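Position chain B relative to chain A; hints supplied.
Going down the list, the sequences are from chains A and B.
The opening position of the first sequence corresponds to residue 1 in full-length UniProt numbering, with each subsequent residue numbered one higher.
The opening position of the second sequence corresponds to residue 1 in full-length UniProt numbering, with each subsequent residue numbered one higher.
One should not assume that every hint holds.
Pairs involving identical chains hold if they fit within one copy or between any two copies, as the list cannot separate such chains.
Below, computed lysine to aspartate or glutamate pairings styled on DMTMM-like, alpha-carbon distance capped at 20 Å [claimed, not checked]:
no., residue 1, residue 2
1, Lys104, Glu92
2, Lys87, Glu35
3, Lys96, Glu19
4, Lys104, Glu63
5, Lys104, Asp90
6, Lys96, Glu81
7, Lys104, Glu69
8, Lys104, Glu19
9, Lys96, Asp6
10, Lys96, Glu35
11, Lys104, Asp66
12, Lys87, Glu63
13, Lys96, Asp52
14, Lys104, Glu65
15, Lys87, Glu65
16, Lys87, Glu69
17, Lys87, Asp66
I should point out that these hints are in silico values taken from the structure, not numbers from a laboratory.
Quick caveat, the model's predicted, so the values are computed rather than measured.
Number of protein chains: 2
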Amino acid sequence: MGGMRDVHQICPRFHAAIELIGARWTGAILVALMEGQNRYALIKAAVPGLSDTMLAERLRTLETEDIVERRVIASSPVQVEYYLTAKGRDLEQVVKTVEAWSHKWIALPA
Amino acid sequence: MGGMRDVHQICPRFHAAIELIGARWTGAILVALMEGQNRYALIKAAVPGLSDTMLAERLRTLETEDIVERRVIASSPVQVEYYLTAKGRDLEQVVKTVEAWSHKWIALPA
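Pulled out of the complex, with its shape left as it was, chain A reads as follows (with noise of 0.2 Å):
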């Protein structure tokens, strides 16, 4: 039987995305922006128990990674939004798996 040196690793690429659109709060971000928020406080009242510091890290990780983009309105005072890049846009459909897989298999909290 062989032995552990034969196990076939699974694929680098996969397991850097899953890490990285899974990391925590990560996910709900990005649905947050797909249904189209776009200030950061929208982005933080669409998702329950987000906190300043932790939307702020992953908007900087997910605007370095190219998925999301952010753009300032040159408005008085300035405004900030966040928009999905195409490589973000591509996760529509990670979302919508994930979407059916939860209402198949995940109750609703009481």
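This is chain B only, laid out in the frame that chain A set:
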């Protein structure tokens, strides 16, 4: 303009699901199981960097959530094997969409 109270909150079942599936290492362990690694040492060998403590903890959570089933094989010595339940196998579609996204958007590690 409506205040924060009018912001539609994200689906709590989706949120619970993405936090469960997205927890660090969980996605990778699920794929190892889907690829037929049913023994503890084989799951560990399939996921680079995974520690014993983390694997044990994640398997316990996945069992509690009825996503993984633990079977004791009455051989000598006794063997323990892990299998996805129906709820776990239903995550294959989620894994497929994450894999497709990762192959399109995540570069292969150097």
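Hints, one by one, checked against the model:
Taking the shortest alpha-carbon separations for Lys104 and Glu92, both the intra-copy value of 18 Å and the inter-copy value of 14 Å come in at or below 20 Å. Only within a single protomer do Lys87 and Glu35 lie at most 20 Å apart by alpha-carbon distance; the minimum there is 16 Å, versus 27 Å between protomers. For the homomeric pair Lys96 and Glu19, the shortest alpha-carbon distances inside one copy (18 Å) and between copies (15 Å) are both at most 20 Å. Only between protomers do Lys104 and Glu63 lie at most 20 Å apart by alpha-carbon distance; the minimum there is 18 Å, versus 32 Å within a single protomer.
Taking CA atoms no more than 20 Å apart as the test, Lys104 paired with Asp90 passes between copies only; the shortest distance there is 9 Å, against 23 Å inside one copy. For the identical chains of this complex, Lys96 and Glu81 are neighbours neither inside a copy (24 Å) nor across copies (31 Å), given an alpha-carbon limit of 20 Å. For the homomeric pair Lys104 and Glu69, the shortest alpha-carbon distance between copies (19 Å) is at most 20 Å, but the shortest distance inside one copy (33 Å) is not. Taking the shortest alpha-carbon separations for Lys104 and Glu19, only the inter-copy value of 16 Å comes in at or below 20 Å, while the best intra-copy value is 23 Å.
For a Cα distance limit of 20 Å, the shortest separation of Lys96 from Asp6 qualifies neither inside one copy, at 35 Å, nor across copies, at 24 Å. For a Cα distance limit of 20 Å, the shortest separation of Lys96 from Glu35 inside one copy, 12 Å, qualifies, whereas the shortest one across copies, 23 Å, does not. With identical chains, the CA atoms of Lys104 and Asp66 are at most 20 Å apart between copies only, with a shortest distance of 13 Å across copies and 32 Å within one. For the identical chains of this complex, Lys87 and Glu63 are intra-copy neighbours only, at 11 Å inside a copy versus 33 Å across copies, given an alpha-carbon limit of 20 Å.
Taking the shortest Cα distances, Lys96 and Asp52 never come within 20 Å of each other, neither inside one copy (27 Å) nor across copies (33 Å). In this assembly of identical chains, the alpha carbons of Lys104 and Glu65 lie at most 20 Å apart only when taken from different copies (14 Å versus 31 Å within one copy). In the homo-oligomer, the alpha carbons of Lys87 and Glu65 lie at most 20 Å apart inside one protomer (9 Å), although the nearest pairing across protomers, at 31 Å, exceeds that limit. Proximity of Lys87 and Glu69 under a CA criterion of 20 Å is satisfied intra-copy only: 10 Å inside one chain copy versus 35 Å between copies.
Taking the closest pair of Cα atoms, Lys87 and Asp66 come within 20 Å of each other only inside a single copy of the chain (7 Å); across copies the shortest separation is 33 Å, beyond that limit.
In this structure, the earlier hints numbered 6, 9, 13 are contradicted, and the remaining ones agree with it.
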